[in-house]
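Here the protein sequences come in this chain order: A and B.
Residues 2 to 331 in my numbering are what the first sequence lists, from first letter to last.
Residues 955 to 1284 in my numbering are what the second sequence lists, from first letter to last.
Read the hints as simulated data drawn from the structure, not as lab findings.
Keep in mind it's a predicted model, so treat the numbers as computed, not measured.
The beta-carbon is built from N, C-alpha and C at its ideal position, and this holds for glycine as well.
Hints should not be assumed to be uniformly reliable.
[As the list claims (entries may be wrong)] Distance ranges between label pairs, derived from CB positions:
#	chain 1	residue 1	chain 2	residue 2	range
1	A	K4	B	K1125	39 to 45 Å
2	A	L303	B	A1284	26 to 32 Å
3	A	G49	B	I1238	36 to 42 Å
4	A	L274	B	K1125	45 to 51 Å
5	B	K1095	A	E190	32 to 38 Å
6	A	K21	B	P1142	39 to 45 Å
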Amino acid sequence: MSKKRMIHAINDTLDSEMAKDPSIVLFGEDVEISLFGDTRGLKEKYGGERVRNMPISETVMTGMAVGAAAVGQKVICHMMFGNFMYTGFDSIANQASKLRYMTAGQISLPIVYMGVFGGGRSSAAQHSDAMHPIFMNLGGLKVVLPATPADAAGLLRTAIHDPNPVIFLQAAGRGGEMGEVPDGDFAIELGKATKVHEGDDVTLVAIGAMVRPALKAAQLLAAEGIGVDLIDPRSLVPLDTDAIFRSVRKTGRLIVVDEARDMCSAASHISALCADQCFEALKAPIRRLTVPDVAIPYSPTLEKAILPNEGSITNAVRTLLRKKSLAVEV
Amino acid sequence: MTVLCEDTNFSSERLLGLYRDMLRIRRVEERLAKDSRAGNLPGPVHLYIGQEAVAVGVCANLTDDDWITSTHRGHGHFLAKGGAADLLMAEVYGRETGICRGHGGSMHVADFSKGIIGANGIVGAGISIATGAAWAAQLEKKGAVSIAFFGDGAANQGVLAEALNVATLWKLPVIFVCENNGFSEFSPSNTVTAGNIVDRAKPYGTAHESVDGNDIVAVAQTASRAIRRARNGDGPTLIEARTYRLHGHVEGEQTFLGAEYRLEQEVSDWRDRDPIPALASRMIDAGQAAREDFEHIEAEITEEVARAVKFAEDSPFPDPDAQTANFMFA
């Protein structure tokens, strides 16, 4: 174990995997100087052929990842901001997610499309989206959102060696967060949720950057005698539905906290699955704590008002529990 | 006696081979046109008839270790690169024995064992994929090249500009082969395209050549020069091959189009320049072949196509219960 920042956990993982496997290549805009620090030093170590700065050309970049992976490379395509994945969307949506299926499994496409996502830093509408639901809906992509340095390292290591395209989204502005990271070739299987806090009264499923405020809320509520079962799915495709269903069947209440806009969010998908599969266990309506269907605003007062936070999560839990008790009294 | 080609690479035997390869494409597609009219095909087909000299002339310089990406009009590229007629036919018929086991269809035929990364239903999408494959080829240093076949319609996608820039900057072994067949779907090229497509290489300093796409020898020679440059590490080339699409954008278009978009006289003028009989006449005039040689090839191809059709017709449709959703992920 060693204490590391999230960004260093990612950097160390990229470094150790590139050292072991010469078929891993990494490219993207400014990956040599590295805006976030996650790819810093890799060009010096692995050379300009394997670690390459791209022109600002997302359309060709996402497709080059498909071409290079289709003929045998393990490709890490660094998109910088997740919003830029929209700019290069065709090759993710029409090519990477479909090429294996429509050629009847003739090939695998080991690609990691990585980028940062989410708001909270006044980066405004075109640098702050939580875009994971869009990728969840495409079918042929895995979608991974680590919430801690250890998870970032362990999930990224798995993603790099996964033979399928993986969307790896790290919460923007959270690269400096510290955490204990196991040493060595530490890997986390995709599709395995982690229980962040144990409790019996309500299940909170929190995604990506929402895990931290959800944990704070859980700790606060514990002091009031409210038991929160907090689950971080870590990957949305594949999704550890067993862990979520188990918890919901135990608590009978579910709130999903997701930084995506509400419509067709990961929250709405998880809610629908639980309504289908855990209906008889439910003691209260399922709640989604998401972002309203608006663009992310610039001004801090406006942005703060629409992102779920410790306060809104705590209130949502209290309200849900009150609702139940009222219903019983009636 | 006129000399057909002073280039000693073009023996009678080789030219007859090119003729055979063009004729195979023609007869396969004439059969598909007939099948389409009869309502025997599950989906749409976009035929390559009239353009055969481009695919065959370029692919004559390639091996199975080289890569091509193709288009929605991709049967010709598939066959020219060594894809099998029976596997193509079965795929277009939607059968289990097709090259993609009925999962891809006409627009997505691919055979990775032959270096065919895939036809593509998104206009221009193969450009970035071929560029990425060329990056992989450059890393592997085995002298492989990749070819992006695309049309004049795709030349108006921004991805071509991005690809020319990065491929030239990185000296990637990729050849961009633009088949200018006169039409962007149903729009004559001159109504949607400014300037000459080949000139789009100039600002990037990319090598470029234009060639008569109906002259198989000229195409093969032009492609040979470009491929030699690419294999030698001298970077990409943009080739504009001027040709003509003798059939419509999609078979059966007359049933839904409200108006004609080209003159019958134009079609018949280009029919007079059909690359297949043109090669036969030139060889006969040059004393490099006799009429019987072509009759013999015609008989061979007729039999091959009949076998392919029978193979397809005798094959079962895929079983929906066969769990082929597993193709989504490796």
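Problem - Which numbered hints fail - result: 2, 3 and 6
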